[in-house]
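Make one complex out of these two single chains by using the hints.
Single-letter residue listing:
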Amino acid sequence: MDETVAEYIRRTVLKIPRDEIKTMLQTWGFLSEAQLQTLNFHQTKDYVSQEVVQLCEDNSADIKQAAVLDIIYNHVYPNKRMWSVYQMNKSGEETEFFDLTDFKKKFKRRLQTALKNVTINFREYEDNAIWIRIAWGTPYKKPNQYKTSYVVYHSQTPYVFISASVIRSTLPLLCQALVVASNYHDIREMELRSHCLNSLKDIVFKRYSQTFQTYYPRPLQERNVTSENVDLRIIQENKNEKERILRVNREVFGDGPQPKLEFAQYKLETTFKSNPTLDVSDIKEPFRCLVKFSSPHLLESLKSLAPAGLADAPLSPLLTCIPQKARNYFKIRERKGFFPGSFVSP
Amino acid sequence: HLATSLPLPSERDHLRPRIDLIAFMIDIKSKYSLKNVEASLAYVDASFFLGKVCFLVTGVGRVNYCSVETNAVWKLRDIYCSPVLYCELELEGIRVATAQRLLRMLQICAGHIPGVSALSFGSLMRNSEDE
Numbered sequence: 001m002d003e004t005v006a007e008y009i010r011r012t013v014l015k016i017p018r019d020e021i022k023t024m025l026q027t028w029g030f031l032s033e034a035q036l037q038t039l040n041f042h043q044t045k046d047y048v049s050q051e052v053v054q055l056c057e058d059n060s061a062d063i064k065q066a067a068v069l070d071i072i073y074n075h076v077y078p079n080k081r082m083w084s085v086y087q088m089n090k091s092g093e094e095t096e097f098f099d100l101t102d103f104k105k106k107f108k109r110r111l112q113t114a115l116k117n118v119t120i121n122f123r124e125y126e127d128n129a130i131w132i133r134i135a136w137g138t139p140y141k142k143p144n145q146y147k148t149s150y151v152v153y154h155s156q157t158p159y160v161f162i163s164a165s166v167i168r169s170t171l172p173l174l175c176q177a178l179v180v181a182s183n184y185h186d187i188r189e190m191e192l193r194s195h196c197l198n199s200l201k202d203i204v205f206k207r208y209s210q211t212f213q214t215y216y217p218r219p220l221q222e223r224n225v226t227s228e229n230v231d232l233r234i235i236q237e238n239k240n241e242k243e244r245i246l247r248v249n250r251e252v253f254g255d256g257p258q259p260k261l262e263f264a265q266y267k268l269e270t271t272f273k274s275n276p277t278l279d280v281s282d283i284k285e286p287f288r289c290l291v292k293f294s295s296p297h298l299l300e301s302l303k304s305l306a307p308a309g310l311a312d313a314p315l316s317p318l319l320t321c322i323p324q325k326a327r328n329y330f331k332i333r334e335r336k337g338f339f340p341g342s343f344v345s346p
Numbered sequence: 001h002l003a004t005s006l007p008l009p010s011e012r013d014h015l016r017p018r019i020d021l022i023a024f025m026i027d028i029k030s031k032y033s034l035k036n037v038e039a040s041l042a043y044v045d046a047s048f049f050l051g052k053v054c055f056l057v058t059g060v061g062r063v064n065y066c067s068v069e070t071n072a073v074w075k076l077r078d079i080y081c082s083p084v085l086y087c088e089l090e091l092e093g094i095r096v097a098t099a100q101r102l103l104r105m106l107q108i109c110a111g112h113i114p115g116v117s118a119l120s121f122g123s124l125m126r127n128s129e130d131e
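Chains as they are written, first to last, in our numbering: chain A, 1 to 346; chain B, 1 to 131.
Chain B with its partners taken away, still in its complex shape (with noise of 0.2 angstroms):
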């Protein structure tokens, strides 16, 4: 499911399926993508910051364009305690691994891999990008 923002128009609800990973999308060139995330995860409720919520930033490629700065970026990912992917959606071959990740990510956050739950993958994330 695409949406622009949280929360979710209810007129859906009843459509909808069970969420089980939520990426927020960060547009590095893009302030406005930034906060616009930042105000979404105020509807996210707390239980899905248990390993099922990580940030994609996208547009790393262009390094001449940034307009949001690394360290907000980490602020988010220490605060909601959620991984960050770094990705660039123009290059096939980029955006073909990033969709492998998160599909992996997403088979785990919805129980499908038998011994790891989405909480300790998600630990497993952090600690691999401590430095």
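With the rest of the complex left out, here is chain A (with noise of 0.2 angstroms):
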């Protein structure tokens, strides 16, 4: 067995936490159960991970069956990796029956003629996903299976998530050869990017609690009593205030848990406007400003915003309208331009 490999087995191996490993290498498949039972799991990872190599070594691994195992890996934890959302086009309105096997053969080849030396895995799974995973090399080196793309397609929708490779030039290539594997017209790439892939998905797809208009809406005054442990000697004064600002919380953000984003970015490119009062004469060009809110779970964070006193309610539409517009980044133009100018800080 090839030392690289050896060494590429050894080192996923060493990701996966302890307790994990023996399901890891069982949804693997590729040593025996026999094998795995000579395995010791209780001792350090160091040691696991040797003997894992030794049994794989027996076995004659290769590069493609090592890249399953960190297709795996991946699968099982992808919020290692910051995701990027892709949207493609077709000209036509024909949907045409999808075919795996034409999919798969068309990708290969186009990034085959492009690029002699790449590994490229495919592994499909329950909802229609089919993960890809890409090692690149160059036309005089092997691929480099440590600086890998991984591209998420469920074939039914015309999303793809890719977590790109940090070789940038490698992105063009991928896009191309999804676009004529996948029988699509053109790509673009839609500007939401999370290292939670499901919370993509959700997004993209409308799987979280959307809000809609309700003629009769709920009162909410039998949620408050149950739900808190309430001091009837603390008499709130400002109720309707603090019940208003649930409701219209409520309606922006509905019910359900959102999905999970760690940024919202603002390029703004509008002009400087300043308080008459200060001494700044207007400056014609536009003032760039980058804004950027970063949280462990941002939506969930701006909709304790309001609650927690620390903003008025409703919050700027600017913030609300990432999971409906399914995008992070955004850039504010003049009020000419398809955004307004306005900004709100609570």
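If you're looking for bench data, these hints aren't it; they were derived computationally from the structure. Keep in mind that the hints are not guaranteed to be accurate.
[Said to hold, decoys possible] The calculated lysine-lysine pairs, modelled on DSBU-like cross-linking and capped at a C-alpha distance of 35 angstroms, are:
#1 LYS104/A with LYS80/A
#2 LYS292/A with LYS31/B
#3 LYS35/B with LYS239/A
#4 LYS29/B with LYS331/A
#5 LYS29/B with LYS267/A
#6 LYS75/B with LYS273/A
#7 LYS35/B with LYS303/A
#8 LYS273/A with LYS31/B
#9 LYS31/B with LYS331/A
#10 LYS75/B with LYS242/A
#11 LYS292/A with LYS35/B
#12 LYS31/B with LYS303/A
#13 LYS31/B with LYS239/A
Here's what the structure looks like:
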């Protein structure tokens, strides 16, 4: 077995949390059940990984099989990577029947004619998701297994989730291969990025709880009493206002859990509007400013701002439109552009 | 009675008992809370400032997150001649101790302690603060 393959398998196993190693190896299926029985999973990961490599050596593993283990790892732990969402467009209206074999063949052929040295692996999952792992090389070098790109394509949708390799130059080639293989016309990057792959899917497939205008809103009083330990000696003077805030918040965010995003970024290309009392003349060039909101769970924290008293309800639509518009990177231009130039701060 | 700002909503005027002590809570991590308190002070009748108002600064345990400067708080103390209490609500011991202090102040302000008036207590607190 190739030394680089051995090292790669060893490093992949080291990434897996110790309690999960056995399950993941079983899913991999490359080592037999009997072989797995011989492994002692209670030692340190260092020893376990070495033993796994030894068994793989006995079975003569090659890079293709090692790559499958890597896909499985990334499928179970996708949140270690940053994912971007892309949307493909068809020029015609006919929906062609999706042929998986044809897709794989075209994709491989496209990449391999452009770049001889690539390692390509496919793995299909139940939810119609096709996972593709690509390790990139050059005409003179073997593929670098540590600088891989991952693609998740749901064949019944025009959406592709890409976790690009650090080698930026491979991205156009990858996009091209996807378009050709899936019989689409072109592909564009949606301004939507996050570590949480499932949340990106939720946003794009509209699987999160959306709000609809209800004609008969449910009274909120019942909810308040049951959810808090109310000390009857404490009298809330602003109960009406609090209820209004909760109601408005609910109308905007809905009841269910929010998709998990880590950033929202707003690039301002507006001119500086000075306070008339300030002694600054109106500058005509755009004032370049980048505002970035970051949080472990951005949408939940935005949802809790108004009830916590940290912001006025309703929040700025620039913040609340993120799931509906399926984007978290915005460019704000002057009023005559496609976005109003107003910027609301709590 | 808890309120997020002043003035108090007028629809509950008839349900409210006499107010003996107003404690303005300033979260040291939030400039917004300071602004809110400054805006609400304008709605307080002048007679309250004779010992029936105090400022409660919370969140003082988190030194790294201070947004409100101590000078700003002292300015309020000097302008409105009212004492400032510091506390950290997240620690139960300090929370209980602060509650007991406020309760004591409230008893004085409500006139339940014979021989001590709100005004005399207020000036007592102020004198002890001067360095």
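Against the structure, the hints:
1. Distance check on the hinted pair: LYS104/A and LYS80/A sit about 26 angstroms apart at the alpha-carbon level, within 35 angstroms; holds.
2. For the suggested pair LYS292/A and LYS31/B, the alpha carbons sit about 20 angstroms apart, so the restraint of at most 35 angstroms is met.
3. With a C-alpha separation of about 21 angstroms, the suggested pairing of LYS35/B with LYS239/A holds against the 35 angstroms cut-off.
4. For a cut-off of 35 angstroms, the pair hint linking LYS29/B to LYS331/A stands: about 31 angstroms separates their Cα positions.
5. In summary, the hint linking LYS29/B to LYS267/A is supported, as the alpha carbons are separated by about 27 angstroms, within the 35 angstroms threshold.
6. Under the criterion of a C-alpha separation no larger than 35 angstroms, the hint pairing LYS75/B with LYS273/A is consistent with the structure, at around 32 angstroms.
7. This hinted pair checks out: LYS35/B and LYS303/A have alpha carbons roughly 23 angstroms apart, not beyond 35 angstroms.
8. At most 35 angstroms may separate the alpha-carbon atoms for a hinted pair to count; LYS273/A and LYS31/B meet this at roughly 24 angstroms.
9. Taking the CA atoms of LYS31/B and LYS331/A, the gap is about 29 angstroms. The hint holds against a cut of 35 angstroms.
10. Taking the CA atoms of LYS75/B and LYS242/A, the gap is about 31 angstroms. The hint holds against a cut of 35 angstroms.
11. At most 35 angstroms may separate the alpha-carbon atoms for a hinted pair to count; LYS292/A and LYS35/B meet this at roughly 25 angstroms.
12. For the given pair, LYS31/B sits about 20 angstroms from LYS303/A by alpha-carbon distance, which is consistent with the 35 angstroms threshold.
13. This hinted pair checks out: LYS31/B and LYS239/A have alpha carbons roughly 24 angstroms apart, not beyond 35 angstroms.
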